[in-house]
Amino acid sequence: MEFLNYFGEVFTLVNILTLIFGTIGGIILGAAPGLSPTMAVALLIPFTFHMEADQGLVMLGAVYTSTIAGGAISAILLKIPGAPANIATVMDGYPMAQNNRVKEALHYCFISSFVGGVIGILILIFFTPVLAKFALKFGPSEMFWIAILGVTVIATFDSGSVAKGIFAGAIGMWIATIGTDAIIGVERFVVSPVLDGGINIIAALVGLFAIPQVFSLIENKLNQSDIFVMEKRRLVDSIKYNFSRIKALTVGSITGSIIGLIPGVGGQIAGLVAYDQIKKLSPDKADKFGKGEPDGIIAAESSNNAIVGPSLVPLLILSIPGSPTAAVLLGGLLIHGIFPGPEIFELHPKVVWTFIDSLLVGQFLMVVFGLYMSGFAKYVLRTPAHYMAGVIVVLSIFGTYSVQNSFADVIIMLSLGVFMFFISKLGFSAAPIVLGIMLGPIAEANFITAKLIADTQDGILMYLINGPINQVMIAICFLSIFYGLYGEIKKKKRSK
Amino acid sequence: MIKINNTLVVVTSFIIACTLLYLSFRSGNSAAYLLPKTYAVVLGCLSIIMIFFHFKRKTFFENQIHIKKILPIIFFITFFISVGEDLGFYFSTTLIFFFIAIFYSPETKTLKNIIQSVVLCTLIMCFIYVIFSMMLQVQVPGFILFNLTN
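Chains as they are written, first to last, in the working numbering: chain A, 1 to 496; chain B, 1001 to 1150.
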């Protein structure tokens, strides 16, 4: 019950204001179509650099949670999911809006997100310390494999193709080696003075996630003309109905929590699986799904918010993010000198528990502000794409520069952004590259330590493959690759 | 508009892999290059696998880039990289923001719309100034506008 000791930290003036600001900002960013939670968190990371570690993480956590919930607004009003996690919400949310039940649908979104979110965070609170005790047995070889596993898992699940995913992950790990080698002190691949200091994590994060978004906003101009009028609906009626749908809430929350624990699987999968499950478990309503059935929204939204907490379990203990947004959050931890690992609760208890507790408090704020702000959603949705693109460019430039007062970082950020846009068009995903850049140094440092130890024993290869934990992790790496390939083959057969 | 198919994907992957292999292996035998070389070899193998499957299984992939739409943005980025530091961040980013707002506006470019964009750009840049220069105390290259920050 250590988490109770740090609840007071969340309610300090600075942290609670940060939490409120992050929640409101997150709902607005989430509602804006085309701005994903991953991009929102990436764009905010430079700001958190100037804050205390706990305050910065409180901000990022609030934005992470509320962007997913806020994404439902554009899913319902525009049929455009604000975030990939809201894809399943569109299926019944938009038909409900067409049936003049906009407000009702928005109420279900925020209430269900709250229920799912709270359950997910309780899993994070009770499951993480148990896993941490187990992970304390990890040495350099295990930590090396953890880094490789993190990249492999995200690479195989986040991309449409396993080969492309691993290719992107390997590019990221290679990029991470640019600059001066931390152990031997050799300058590597410094082909321009811009690369003297290596690749800054924040420059990479902002560039890889935010700049391609600018291109997408400009390429696919969004039609924001048809926005529905809000009907009159009492909140109490929505709350009563929402909590009477126990089956949909349970299916959504459990599905989201389980999927969140599996590294690399995003909220969109959780939402779609929960939607599919509730459809199968409600044969009497089978023909109503897709035409405005509230259970569809309740299951999808409770599920996509339930993944937030569990997706942070492998992140905090093993440095393996449970979702692409959690991968970006890893950057938020690293810039404050907090290296996720089994000892994180012993080395940084205040920061970590304040962060986790703030996620719980953030759920309450999210439901309150979400329900209140959903009435004004139409104004956010009418923000023209070209202004949004301009704001993202300017914020990316200033945010990146502010971290080290380095123009080289801005050049790296913009160059990586343009590079990412083109390779994303070729089907490569940003998440494995980012994770490669972040986990690359961890893999390298542990590999070199392992090599120094192994040189006095049986050699590096034997050292890396010996031991049950190493073997289990190697097996999981291969398993995730084969599972990804199996899914790919199945998908191709189905499309034929 | 550039149409992308799987041939372009595998060729680009192969070029990236070859470039990284070249950079990794031309750099000598220091232990510092052990991992970069390993990653580059993995990339090389993957690109060969992708080429193999491209010819063997005729993998289908289709996408497109609206090059006319994105060229101005690439120009703005190049402009900023070239002269952004000399012109000052506030001046150059205001210019970029204004041109993005005007160039990509779906509405007809009337004087009213242009004035509206100028006002909006100025307001947003003032907001950026308040956040970065006043609240976060970030000293950005200032040159013409907001020279006080230098």
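Calculated from the structure, these hints are not laboratory results. Among these hints, one or two may not hold up.
[To be verified] Here chain B is said to cover these stretches of chain A; the calculated rule only asks that three of the stretch's residues, wherever they fall, bring their Cβ under 8 Å from a Cβ of chain B:
id	stretch
1	169 to 181
2	390 to 403
3	422 to 430
4	468 to 481
[To be verified] For lysine to aspartate or glutamate, the following DMTMM-like pairs were computed, each having C-alpha atoms within a straight-line distance of at most 25 Å:
id	chain 1	residue 1	chain 2	residue 2
5	B	Lys1109	A	Glu219
6	B	Lys1037	A	Asp196
7	A	Lys490	B	Glu1107
8	A	Lys492	B	Glu1107
9	B	Lys1037	A	Asp458
10	A	Lys491	B	Glu1062
11	A	Lys425	B	Asp1086
12	A	Lys493	B	Glu1062
13	A	Lys79	B	Glu1107
14	B	Lys1003	A	Glu219
15	B	Lys1056	A	Glu488
16	B	Lys1003	A	Asp196
Just so you know, these numbers come straight off a predicted model, no measurement behind them. Just so you know, even glycine gets a beta-carbon here, dropped at the ideal spot from N, CA and C.
Violated constraints from the hint list, given by number and in increasing order: 4, 7, 8, 11, 16
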